[in-house]
Each structure stands twice: as structure tokens, then as C-alpha cells.
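In this text, residue positions in the sequence shown follow our numbering: the first is 3, and each later residue adds one.
Since the hints were made in silico from the structure, they are not lab data. One or more of the hints may lead you astray.
Here are the simulated lysine-lysine pairs, DSSO-like style, with alpha carbons at most 30 Å apart [claimed, not checked]:
#1 LYS347 / LYS321
#2 LYS276 / LYS327
#3 LYS276 / LYS196
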Amino acid sequence: MVYIVGLLSLVFLVLTILVIARLSKVLRGVNGTSRPLEEDGGGRIDIFSNRINGAMFLVFLVGGTIAMVWSYLVAQGDFLPEASSPHGRRLDGLFWLSMAIVTAAFFITNTLLFYFAWKYQYKEGKRATYYPENHKLELIWTVVPAVVMALLVFTGWRAWRDIMSEAPADSMVYEIVGKQFNWIVRYPGADDNKLGAFNYKLIDNNNELGLDFSDEAAFDDFTSTTELHIPVNKPVLLKIRARDVLHSVFIPHLRVKMDAVPGMPTRFWFVADKTTDEMKNLLNNQDFTYEIACTEVCGRGHFSMRIRLIVEDEESYNKWVSEQKPLLSTFPEYASRIPDNLKAKAAKYLQGAAPTENTTAATTEEGGGAAASASLR
Numbered sequence: 003m004v005y006i007v008g009l010l011s012l013v014f015l016v017l018t019i020l021v022i023a024r025l026s027k028v029l030r031g032v033n034g035t036s037r038p039l040e041e042d043g044g045g046r047i048d049i050f051s052n053r054i055n056g057a058m059f060l061v062f063l064v065g066g067t068i069a070m071v072w073s074y075l076v077a078q079g080d081f082l083p084e085a086s087s088p089h090g091r092r093l094d095g096l097f098w099l100s101m102a103i104v105t106a107a108f109f110i111t112n113t114l115l116f117y118f119a120w121k122y123q124y125k126e127g128k129r130a131t132y133y134p135e136n137h138k139l140e141l142i143w144t145v146v147p148a149v150v151m152a153l154l155v156f157t158g159w160r161a162w163r164d165i166m167s168e169a170p171a172d173s174m175v176y177e178i179v180g181k182q183f184n185w186i187v188r189y190p191g192a193d194d195n196k197l198g199a200f201n202y203k204l205i206d207n208n209n210e211l212g213l214d215f216s217d218e219a220a221f222d223d224f225t226s227t228t229e230l231h232i233p234v235n236k237p238v239l240l241k242i243r244a245r246d247v248l249h250s251v252f253i254p255h256l257r258v259k260m261d262a263v264p265g266m267p268t269r270f271w272f273v274a275d276k277t278t279d280e281m282k283n284l285l286n287n288q289d290f291t292y293e294i295a296c297t298e299v300c301g302r303g304h305f306s307m308r309i310r311l312i313v314e315d316e317e318s319y320n321k322w323v324s325e326q327k328p329l330l331s332t333f334p335e336y337a338s339r340i341p342d343n344l345k346a347k348a349a350k351y352l353q354g355a356a357p358t359e360n361t362t363a364a365t366t367e368e369g370g371g372a373a374a375s376a377s378l379r
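Can you make the complete structure from the sequences, with help from the hints?
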């Protein structure tokens, strides 16, 4: 390592000496008498070539402008449609505002650059005017860009503050976990609309998220590896984490993007205000579907990290949720992890499940009503 640093230092020193040597020659040319322009064999400047070069600047300016406008119009067909979320439309507005300002500045400066190269080309008998300073002009081209940049930064900060604020109290909460190479979505279930606790030490082949069944909120949680269903026009809070390496949750049509970092849970909330069916009709594409992809290269199977996002009306959403089976019902052997004081509450999720060697289901009468309870052998 010491030798590498020494070699790099030597290279840097040599380059510094070369730069200083070249700079000194330039300065001598500026401070002294400049050499005359090179002449052709007849002792005259090649005026024709100089005019051709000047004209080519204008040709390049016009041709480049036409090419840029054409490429934009052609690429428009591949742009994402209008965002299906309020915050997404706000982001798009800021993006196009920034693009408009930057594009205007680009065209103005480059138009002047190429035009001046043509207008002020060499002409016999003409000498360049020495223009050492103009404080008013310098003040204008310093203050105006500074004010514009400050406004862009301020509007961007306000949008970031609002988008990354705390989710509303009535948000629908889901968890999405990335692992090589798929997403796992956890739903809170219809009974309590709360996600239960998890513990990475409890992860196994069936309990991929490590649901902790010592927390009663986990009893009705269920998972999916193929799709995420959410209701339209409802605030949605995604709790995001990763099991192995860096991943990134990306929902392009909703302008949602947030990294999934191992050991550091992140979150993002949004409102989807166009259902999947509405988007199919708007785009005249019956094959359209929202998707959740990964935008962090996470290994050889990165391309396969995508699941469907289905935005639907509340009635359809509630019907779909009611048809799902909690993880505890699917794998009743996890009843052995339930504390004694919560077995009665867990019984209804174990009813109808195939009994295991560690689990039985029993029904008892309490307070004149039927109540289910589970007991462990």
C-alpha cells in the first residue's frame, strides 16, 4: 500500500510540473508580444477556410437543435404516463420546471457561443477589443443564477419535507421485505389492521419474515410473494426492510422509490388515486399492471425481483383480504410459540387447521357464548 501511495504521489508531482511548465508558456504569450497568425505559402491568412469553420458552427448549432428536438419528440412515447399519486404529480412538476430552466439556459448560452464563433471570426484589419471587466454584468450573471438555484432548492426542500412527513394516522400499513431474489409482502389482516412483531431469529422456510406469535397482532397477518393489493384513495404506509443485501422498492407509475437496507428499516407513504382498471382504460392497454421492481443491483437474479401492485376499490380490496388465510392458520405448528395467556385469542385462527402432533383445537363455553381456545400438549 505504501508503494502504491508513493507511485501515485510521484505521478501527481510529474503532472503538476508539466502543468506549471505549460502554464508559464501561456502566461509569457499573454504578457509578451503574441506571435502572428500562421500564414499560408503566399503570405496570406486562409480566409476561405476560416469562413468555412465559422459557418460550420452555425450549421452545427441548427443541426444539433433540430436533432435534440426530434429525439425528444420521438422519446415522448416511452415516457411514463401522468403519475397515479398526488405526490408523484408534484415531483413531476418540479422535474419539468427544473428541466425547463436548465434547457433554457443551455439553449441561450450555446446559441451565443456558436453564434459568436461565427460572427467574430478572423477578418483582415480587425482586432479584438480588450474588455477587462464589467462589474454590473458580473453582478447580473452571478445574482440571477444564484436566485434561481435558491428557489429550486427551496421548492425541492418543501416537496421533500411534505413527502417524507409522518404518514396519516388512518394509513393502511403493509410491510415489504426484499431478499435475493424476490419481494415478500406482509398484510396486517382484517381483524386488527396492525402488523405484529417480528424477530429475525424466528425466520425459517415457512415463516420467512420471522413473525413473532407471542404478539397477538401477528395472529391474523398473512403474506404474499406475488402481489400487493391496496385500496384506492387511501393513504398507504410501506414499511421496508431487507433480509440480506441492499434492495430498493420502486413503483414507477406512482413515483415511489425507497431503499431497503439490511438492519435499517425504512418507510414511504403515498396515496394511489387511480385503480389498475382505470389505468387500463386511460392508457387503452388491457394488459397494463402496476409493478413493484428493485432498482438496486442485488445479484445475478436481480432482474426477477418484481411483483404486481393491484390498486382497487375498497369493496374489492376488503373482499380479497377476507379470502386470505393467516400464516398461523396455514402453519398451525407455530401455536407452540403462543404464550398461555393468548391461546384463547389464537384459537379462532387454528380452527379448521390440520392438527399437528403439538397442537389440538378445543372449544369452550364462556359467558353464555361459544368461545374457542387452543391448548398445547
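Hint by hint, here is what the structure shows:
no. : hint            : in the structure
1   : LYS347 / LYS321 : holds, 23 Å
2   : LYS276 / LYS327 : holds, 27 Å
3   : LYS276 / LYS196 : holds, 25 Å
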